[in-house]
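> Chains D and X are the protein sequences, given in the same order. Counting from 4, one number per residue, gives the positions in the first sequence under my numbering. Counting from 114, one number per residue, gives the positions in the second sequence under my numbering.
Treat the hints as calculated values from the structure; they're not laboratory data. All C-beta atoms, glycine included, are put in the ideal place defined by N, C-alpha and C. Treat the hints with care, since some could be wrong.
Said to hold, decoys possible - Among chain D residues calculated to face chain X with C-beta under 8 angstroms, some are:
#, residue
1, LEU17
2, ARG99
3, LEU103
4, LYS105
Stated by the list, open to error - A few chain D residues that don't get close to chain X, going by computed Cβ distances all over 10 angstroms:
#, residue
5, ASP108
6, VAL122
7, ILE131
8, LYS164
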Amino acid sequence: MSNKPTHKTSSGELAGFVRLNEGIKGVVLIAFQINIMALNAILLAHRAGEVALGFGVISKELRSLSVELTGLMQELSNDAYLAVNLISDLLRQERRYRLLKKATDLVVNPSPALRDVMVRREEEFSLITHRVRDVRLRLLDRLEDARKLCQFGTAISRSAKIEAAYGREYGRALAEVSQEFDQKIQNILPSIEALCTGMQRR
Amino acid sequence: MKTAQTIYQEGSHRWVVIARDPSKPDCVIDTNEYLISREGDNLLTDPGGSEIFPAVFAALSTIVDPMSIRYLFASHQDPDIISSLGLWLECNPDIRCYVSRLWSSFIPHFGGDENSLVAIPDEGMSMPLGSGQIEYVPAHFLHSSGNFHLYDPDARILFSGDVGAALMPPEEDELFVRDFDKHIRHAEGFHRRWMGSTEAKLDWCERASRMKIDMLCPQHGSIYQGDDVMRFINWFAELPVGLSTFRHRR
Ligand SMILES: [Fe+2]
Ligand SMILES: [Fe+2]
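All chains should be built: construct the whole structure from the sequences, respecting the hints.
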């Protein structure tokens, strides 16, 4: 891989991480909605008593899932922020590199000291490029964790539907709640997938 | 590509102007940079914007090793004056840049820090260069509120930053003023709009008229020499400037 500074790569990357941050905000909002919904479901299950014991357990699971997902998104957001900083630095360096390179090319006999400056620039650039790559890999790992979490969420929201069937006079209310759970989880998955593909494409 | 031209030489003491860049992008104003060199001490005045750095650097390299520039002087804080600072420091981290104390904490947005920026006090100061001295002469509010000119008493040259600047059409863009009356038409609009204070202007004209100046070197446009120096000072003293001449209201 070449580490020669190229403006195109970095500005594209910067946009990618900014988009990621926007995507994360969307997921955090849904996770928050699931949290509130799960809290209400726990209270409902409590009122329903014996017939909704299973439903109550599942609601608690969904609530901790939403907390975990929010935590993951916070970590992702921190990394995205770090990446934006690194890439902004990279863009600054690229501009400096371009202008210094142009100066070196225009000088008939560039001094060794000037060549050293260019070598240092390239080394520094390569260092930051590697740090960006590390951050991206970490981001992808966390996105994978988030995806697994959502798959688990899908599975338990299906179980909630089944549990709702045993809810007797609360059956209808529980079924409605489990339906909403399912919808919310289904909303998150595509967002996570989009974040993954957005990152992988770079 | 800019060219370097010696405008004064006495032994190892010389002034070189880096000017006229036909290859610069049209959206960037053309600027003059001056190298003052004395016994191996090299100072560059208003080193310019970052986009023209390669051209300045290359033109300088035909005269001295640009890596040997030890001092920069920024008459004020404008981007066409000093946004290349970060690049100069990249080449030589030991460079010291002299600038009004007003701007020493603003310019680090272009590069540099408290070590690389030397704050000039409001009353000005002098500084050794080789075996001689140069003076930072106050020119506040012309146009910047923290503004200095650089005077070399041995060469009798005043570097006057934006004062004396003219925006020349390419066909009349000569290095030295040849026909003052013709030239000054291109300076009028610039001075009316940029120089906001009559008080500051008259104070400067009074001080400048008492100085021994053979050449008045602005950052844009042609250099005034001989009698044209005093002609310029008198013209500037008479020129109405400030808000009363500025018709931004109906
Ligand atoms: Fe200016
Ligand atoms: Fe200027």
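> So, LEU17(D) near chain X? Judge it on the closest CB pair being under 8 angstroms.
Constraint on LEU17(D) not satisfied, violated at 20 angstroms.
> Confirm or reject the statement that LYS164(D) sits farther than 10 angstroms, beta carbon to beta carbon, from all of chain X.
holds, 59 angstroms
> Tell me if LYS105(D) is really an interface residue toward chain X, meaning its C-beta lies closer than 8 angstroms to one of theirs.
Holds. Min distance 4 angstroms.
> Does ASP108(D) sit more than 10 angstroms from chain X, CB to CB?
At about 8 angstroms from chain X, ASP108(D) fails to clear the 10 angstroms cut-off, so the statement is violated.
> Looking at VAL122(D) again, its CB stays over 10 angstroms from all of chain X?
holds, 12 angstroms
> Using Cβ atoms only, decide whether ARG99(D) comes closer than 8 angstroms to chain X, and label the hint accordingly.
Holds. Min distance 6 angstroms.
> Quick check for students: does the CB of ILE131(D) sit more than 10 angstroms from each CB in chain X?
holds, 15 angstroms
> Does LEU103(D) pass the interface hint, meaning its C-beta sits closer than 8 angstroms to a C-beta of chain X?
holds, 6 angstroms
Consistency note: the structure conflicts with the earlier hints numbered 1, 5.
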